[in-house]
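Visitor: Chains as they are written, first to last, in the working numbering: chain A, 5 to 201; chain B, 5 to 201.
Be aware that a few hints might be false.
It does not matter which identical chain is meant; a pair holds if it fits inside one copy or across any two.
[As the list claims (entries may be wrong)] For lysine-lysine, the following DSBU-like pairs were computed, each having C-alpha atoms within a straight-line distance of at most 35 Å: (1) K11 to K196; (2) K58 to K187; (3) K155 to K112; (4) K58 to K173; (5) K194 to K29.
Because the hints were derived from the structure by calculation, they are not lab data.
There are 2 protein chains.
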Amino acid sequence: MTPYIIKDTPVSDAVLNVIAHLPTKSLAATVDPAFFQKLTDADFMRIAVLLAQKGYDEGGCPIGGVVVDNVSRQILGKGHNTLVQENHPYNHGETSAIRDAGRIDFSKTTIFTTLSPCDVCAPLVCARQFNRVVVGNITTISGNEDFIRSKGVQVDILEDQMGIDLYTKFRTDNPDLDNEDWKGLAEVTKSKAAACC
Amino acid sequence: MTPYIIKDTPVSDAVLNVIAHLPTKSLAATVDPAFFQKLTDADFMRIAVLLAQKGYDEGGCPIGGVVVDNVSRQILGKGHNTLVQENHPYNHGETSAIRDAGRIDFSKTTIFTTLSPCDVCAPLVCARQFNRVVVGNITTISGNEDFIRSKGVQVDILEDQMGIDLYTKFRTDNPDLDNEDWKGLAEVTKSKAAACC
Numbered sequence: 005m006t007p008y009i010i011k012d013t014p015v016s017d018a019v020l021n022v023i024a025h026l027p028t029k030s031l032a033a034t035v036d037p038a039f040f041q042k043l044t045d046a047d048f049m050r051i052a053v054l055l056a057q058k059g060y061d062e063g064g065c066p067i068g069g070v071v072v073d074n075v076s077r078q079i080l081g082k083g084h085n086t087l088v089q090e091n092h093p094y095n096h097g098e099t100s101a102i103r104d105a106g107r108i109d110f111s112k113t114t115i116f117t118t119l120s121p122c123d124v125c126a127p128l129v130c131a132r133q134f135n136r137v138v139v140g141n142i143t144t145i146s147g148n149e150d151f152i153r154s155k156g157v158q159v160d161i162l163e164d165q166m167g168i169d170l171y172t173k174f175r176t177d178n179p180d181l182d183n184e185d186w187k188g189l190a191e192v193t194k195s196k197a198a199a200c201c
Numbered sequence: 005m006t007p008y009i010i011k012d013t014p015v016s017d018a019v020l021n022v023i024a025h026l027p028t029k030s031l032a033a034t035v036d037p038a039f040f041q042k043l044t045d046a047d048f049m050r051i052a053v054l055l056a057q058k059g060y061d062e063g064g065c066p067i068g069g070v071v072v073d074n075v076s077r078q079i080l081g082k083g084h085n086t087l088v089q090e091n092h093p094y095n096h097g098e099t100s101a102i103r104d105a106g107r108i109d110f111s112k113t114t115i116f117t118t119l120s121p122c123d124v125c126a127p128l129v130c131a132r133q134f135n136r137v138v139v140g141n142i143t144t145i146s147g148n149e150d151f152i153r154s155k156g157v158q159v160d161i162l163e164d165q166m167g168i169d170l171y172t173k174f175r176t177d178n179p180d181l182d183n184e185d186w187k188g189l190a191e192v193t194k195s196k197a198a199a200c201c
């Protein structure tokens, strides 16, 4: 089957959104590898943001991640937070994309994440020896960028305003869900107890 | 339906193995809560070891975990490493049991793990604010027990010789798989490159 998305297909949010929604294993049958080769880092970050939007549209936390091969620039894994959708207490953008990628050598890859990595995802990207992490939103400072760098992983900041606006809206509208996603349901219970007295 | 496993059922590895294999959601329909209330910490650790054995029998890494409510002593989540079985690059005993438990308040629970928590699982049990971690094997020193304690989580060592023997056999027979489980496929590639030159 000839791929529908080819080298000359113009890059737009609409086509990147199709790529975000396609299962990773379906990309080889639907997208010419040459299309991925022309994508910039900002384009891959936008795919991560569109995954965050997908998660938000499902009623979840809007955080996405994409794992890309450094040489071929093909997508090896991608996903989004599924705290709500899978009743999953720690599946963030990074964990989701890494789970999707499976057992590969991450030292030749870059992970694009729409949000500054949390205290669990930061050591995970180090322990799996990623070559590079690209962060799309540091307005919520996890403070883990320097920790990741100290482990020999390159960290670049490449903010995406669409992703920042989406996450800002989410955390304003859903502070409890945001709190649970970072620190667990225990934190929500503690905050409510503190607020009531 | 009257539960098959009742308060007076004698505790044995055979019955604990049934509990290890039953889906967590099935326990309420098959085991009287009073049976769990008489189990000791060593019994819960043995269930975690039997989960490790289940994983090993499936061809995977023998590491298990169990999340238990501190007051009711009921099992809220359990699981084992699925690196091989699910092609899952970071699903350890702890992550598996926490995923199984879902969105609960972990501050009222204890996690039993057959192996000293890794650099990812240690911050995870802290970030989800577990009350207590019980470790069944510190022969492989992750060195993370003090880190976990520094975050206010109680850590107890309760070694289980069956679990230690199983893990020792596994890592002797499968050094590459053991290496991948801790540090990713990148580490295996590096080790092989170093060994060949």
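Visitor: Any hints this thing doesn't respect? Which numbers, in order?
Guide: 1
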